[in-house]
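Student: If you want the building blocks of each chain, they are given just below.
There are 2 protein chains.
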Amino acid sequence: MAMKAKKINKMLDEAIPLRHPLKLNEAMRYSLLAGGKRVRPILCIASCELVGGDESLAMPIACAIEMIHTASLIHDDLPCMDNDDLRRGKPTNHKVFGESTAVLAGDAFLSFAFEHIACNTNNVSPDRLVRIFAELSSVIGSKGLVAGQFVDIESEGKAVSLKELEYIHVHKTAKLLEACVVCGVIIGGGNDNDIEKVRIYARFIGLLFQVVDDILDVTKSSVELGKTAGKDLVSNKATYPKVMGIDEAKNFAYHLMNQVVQQLACFDTAKAAPLYHLAYCIANRQN
Amino acid sequence: MAMKAKKINKMLDEAIPLRHPLKLNEAMRYSLLAGGKRVRPILCIASCELVGGDESLAMPIACAIEMIHTASLIHDDLPCMDNDDLRRGKPTNHKVFGESTAVLAGDAFLSFAFEHIACNTNNVSPDRLVRIFAELSSVIGSKGLVAGQFVDIESEGKAVSLKELEYIHVHKTAKLLEACVVCGVIIGGGNDNDIEKVRIYARFIGLLFQVVDDILDVTKSSVELGKTAGKDLVSNKATYPKVMGIDEAKNFAYHLMNQVVQQLACFDTAKAAPLYHLAYCIANRQN
Chain V
2 MAMKAKKINK
12 MLDEAIPLRH
22 PLKLNEAMRY
32 SLLAGGKRVR
42 PILCIASCEL
52 VGGDESLAMP
62 IACAIEMIHT
72 ASLIHDDLPC
82 MDNDDLRRGK
92 PTNHKVFGES
102 TAVLAGDAFL
112 SFAFEHIACN
122 TNNVSPDRLV
132 RIFAELSSVI
142 GSKGLVAGQF
152 VDIESEGKAV
162 SLKELEYIHV
172 HKTAKLLEAC
182 VVCGVIIGGG
192 NDNDIEKVRI
202 YARFIGLLFQ
212 VVDDILDVTK
222 SSVELGKTAG
232 KDLVSNKATY
242 PKVMGIDEAK
252 NFAYHLMNQV
262 VQQLACFDTA
272 KAAPLYHLAY
282 CIANRQN
Chain R
2 MAMKAKKINK
12 MLDEAIPLRH
22 PLKLNEAMRY
32 SLLAGGKRVR
42 PILCIASCEL
52 VGGDESLAMP
62 IACAIEMIHT
72 ASLIHDDLPC
82 MDNDDLRRGK
92 PTNHKVFGES
102 TAVLAGDAFL
112 SFAFEHIACN
122 TNNVSPDRLV
132 RIFAELSSVI
142 GSKGLVAGQF
152 VDIESEGKAV
162 SLKELEYIHV
172 HKTAKLLEAC
182 VVCGVIIGGG
192 NDNDIEKVRI
202 YARFIGLLFQ
212 VVDDILDVTK
222 SSVELGKTAG
232 KDLVSNKATY
242 PKVMGIDEAK
252 NFAYHLMNQV
262 VQQLACFDTA
272 KAAPLYHLAY
282 CIANRQN
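First to last, the protein sequences are chains V and R.
Positions 2 to 288 (the working numbering) are the ones given, in order, by the first sequence.
Positions 2 to 288 (the working numbering) are the ones given, in order, by the second sequence.
Calculated directly from the structure, the hints in this document are not laboratory data.
One copy or two, it doesn't matter: identical chains are merged, so the pair holds either way.
Straight-line alpha carbon distances no greater than 35 Å define the calculated DSBU-like cross-link-like pairs of lysine-lysine that follow:
#1 K24 - K38
#2 K159 - K24
#3 K159 - K96
#4 K243 - K96
#5 K91 - K159
#6 K251 - K24
Quantities reported herein were computed from a predicted structural model and do not represent experimental measurements.
Please build the complete structure, drawing on both the sequences and the hints.
Tutor: If you want it as structure tokens, here you go:
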């Protein structure tokens, strides 16, 4: 996984050269290359390989998904949104480059992701690419990431039901993870059955990811997390520990991990190993 | 043209239904259906018809381009950008729905545009669609719209050369207009030669559009324009009248209109008529 992440970092680095306008591209590079865990691109590549596709086939899509994720982080951190000062242990994009540049860097990523796929995916029939565009674009906007962030912000300071909480996490986190595996399988040449199987896998790890994130927010310090800890509590934001209590949230994470293992049982064990491993890493991460 | 605009308005209305989360979709509809002139979608459809394609083929792309344009307007108006209160005679998006919703509505449009094309364009070979995705995505990000807005904001309060001024307008305005005609010709089944011809046409009307916009800003009132007049002057922003004087700017507009007429001379006159007419409308608009 560390090797995959290194390759992905290299490709991301090359994708955004330092061209004119310099400060805009610096701002994009600052957040894109801030050392995330690259869970999403690794997931995309692993899903491509799961159905026999080569890593290189999935790489442009994997990088594009990390760009989309980065765009959502930059915009989520804005003063008018979550107003966050720290991200991945560094000052947030608008703290370094100013608010207008942060808005524009996010906007640029949202379109560059599609450009990167359209211009760098070779040796793939165009109908597969069109399916990928449909899948990926649908998880970003008002039926995906944006909807999740919108409901999240609207829910601040209000009593939030478990149903609303799940809506937020499905849209903010799970749908993009689902797109990672689905796009990986499509580009790798998988069939509709393969797609359905990885969709279910992704839904479980999506939930798992968020539950663990929420638990870390209340159990770790800012230094350990590399971002402002305890912030969800202060802002009265919906979290699993808040709704169900910290012990029940930990039980829920354990239950989800068991479900993930069951979902992968029907795949070739060797090829599914990276997807097992990823779920394990998500469940056991410390920041 | 009025008939085309009416059809486009109907399709845009249907494209964004009032679903959950309601306020986000209301915010999107507010700006999308605020009664713009629909120059871009009309240009896209006219270019499709120029090469013998049917209006219905180009409609999803035409609508998508209007969504991208709307996203850029919403974000340009934000307090951290141009901080504008009026747009098309109505309060700007963030004035009505708040800043965070305005950021998210813009983000949603940037991805929904691609979703709308991928899911609604029928009876077209997927390789044409991939070309359209490449063309369209490249004019939005850090080589297009976003770059133009970035340099525009950075140049405020500074002395701006004609070269910088043209960079801003090419990126903020001309490139998207160029994408309108190029995508229209691609989806309509035009060849590379057709594409090159309409590219040049689009570059001239792109410049024309901005020169006229700048002239209107200093010669018309806010009520006449439906947006805050004289704002470019107050904010010390780069404009053609500022750099070359109002009379020379008017001469430049006249020269550009002549160039447009020359570019279209090589096309079938009847089929090129809507493109002539559009250029004429751009040159002679009063708001």
